[in-house]
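For the record, the sequence lines run as chains A and B.
Quick note: the first sequence uses this note's numbering, first residue 1, plus one each step.
Quick note: the second sequence uses this note's numbering, first residue 1001, plus one each step.
Hints in this document: simulated from the structure, not taken from any laboratory.
Derived pair list, reagent style DSBU-like, types lysine-lysine, alpha-carbon separation capped at 35 Å: (1) Lys93/A <-> Lys81/A; (2) Lys1148/B <-> Lys81/A; (3) Lys9/A <-> Lys1176/B; (4) Lys1247/B <-> Lys9/A.
From chain B, some residues computed to sit far from chain A (all C-beta separations above 10 Å): (5) Thr1014; (6) Ala1018; (7) Ala1021; (8) Ala1035; (9) Lys1066; (10) Ile1125; (11) Pro1162; (12) Glu1181; (13) Ser1223; (14) Leu1226; (15) Lys1230; (16) Gly1258; (17) Lys1262.
None of the values given here were measured: they were computed from a predicted structure.
For glycine and all other residues, C-beta sits at the position ideal for the given N, C-alpha and C.
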Amino acid sequence: MSVPIPRSKVVDLYFMEHRAKVLDIAAFLDRHDRAAVDSNEEDFRMTALRTAIEILLDGQGDRARRIQESFSDHSTEPIEKAAMQGALGAIRKS
Amino acid sequence: MYIDPHIHMVSRTTDDYARMAQAGCVAITEPAFWAGFDRSSPAGFYDYFRQLTESEPRRAADFGIKHYAWICINPKEAEDPGFAREVMQLIPEFLDKPNVLGVGEIGLNKNSKNELAIFEEQVAIADQYNQLILIHTPHLEDKLKGTKLIMDAIKRNTNIDPGRVLIDHVEEHTAKLVLDEGFWCGMTLYPDTKCTPQRATDIIEMYGSERIWINSAGDWGCSDPLAVPKCRVEMKRRGHSRETIEKISFGNPQRFLGQCEKFTP
Ligand SMILES: [Zn+2]
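Modelling step: build the complete structure from the supplied sequences, incorporating the hints.
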């Protein structure tokens, strides 16, 4: 199944929504920069976000799937014990 | 007219039932899950299962909505196997209830050894009682690994027909994996952590409209009990046919759930 509408209509329908989302990301990165530094290392979630942003700009397709994979745990064995119930959205790479 | 095949109405208000009915909801299915806190005893689960099989069907019926349920111990409360097994002893009694369609939502949360053991034991219960299975996949960074572990575990039980298993909460990186193995899949329309109506519609365009449904998974967290009709609107504004929209939000859930003769929306 393909997208039923042509590119121009995709832009008409979704440009404003995603223009706003790009500004949200920019303002978030600025807010992070303006805040007082309280650690010598960058939070692993911010590193993961920068990696995701690079995927946005690499000119390849399947960006959503590849970004999902970049945020994912790629280990294959079950862990010994669940230490928490929630999830953080990115993997701490050691 | 639509079906929301995954919503936790015990956490929602009666106003939500009214709004869902006004938006065209005719049937829902409510999987047993975590209630935002850990229950302290198997008796807590017994009462929860009674709520799913006695009180919610009555509350839904007041708005012309048919209420169905799934019974299990969920993976978030499965880290203590002794406790989980006590709860699992309650399952057969509730599988006989007139609104119960199968075992669910079982699955994994943090992909731990205990979660996996309890998951496999509940797949065996579903097999023993010839039940449909509804599966919860982990959140966010744990989803890809958990989805693979779940599919491998089901394949180890060779009696299970993948056409009778729905793997829920798929996203861009897991939808094709699930469909390629012959399972059904569900997309959850949930703020921030799962699919938006736009991305769910993209996934349908990329991977097709066979063996796939949409749901709200509305629950105690920030979530939207009207997410399914909102996704129908998204598909319509993007030019999808009435047939495709009906198939995703009514026909497909009816086909999967109708494999249990109790389901008559
Ligand atoms: Zn759920």
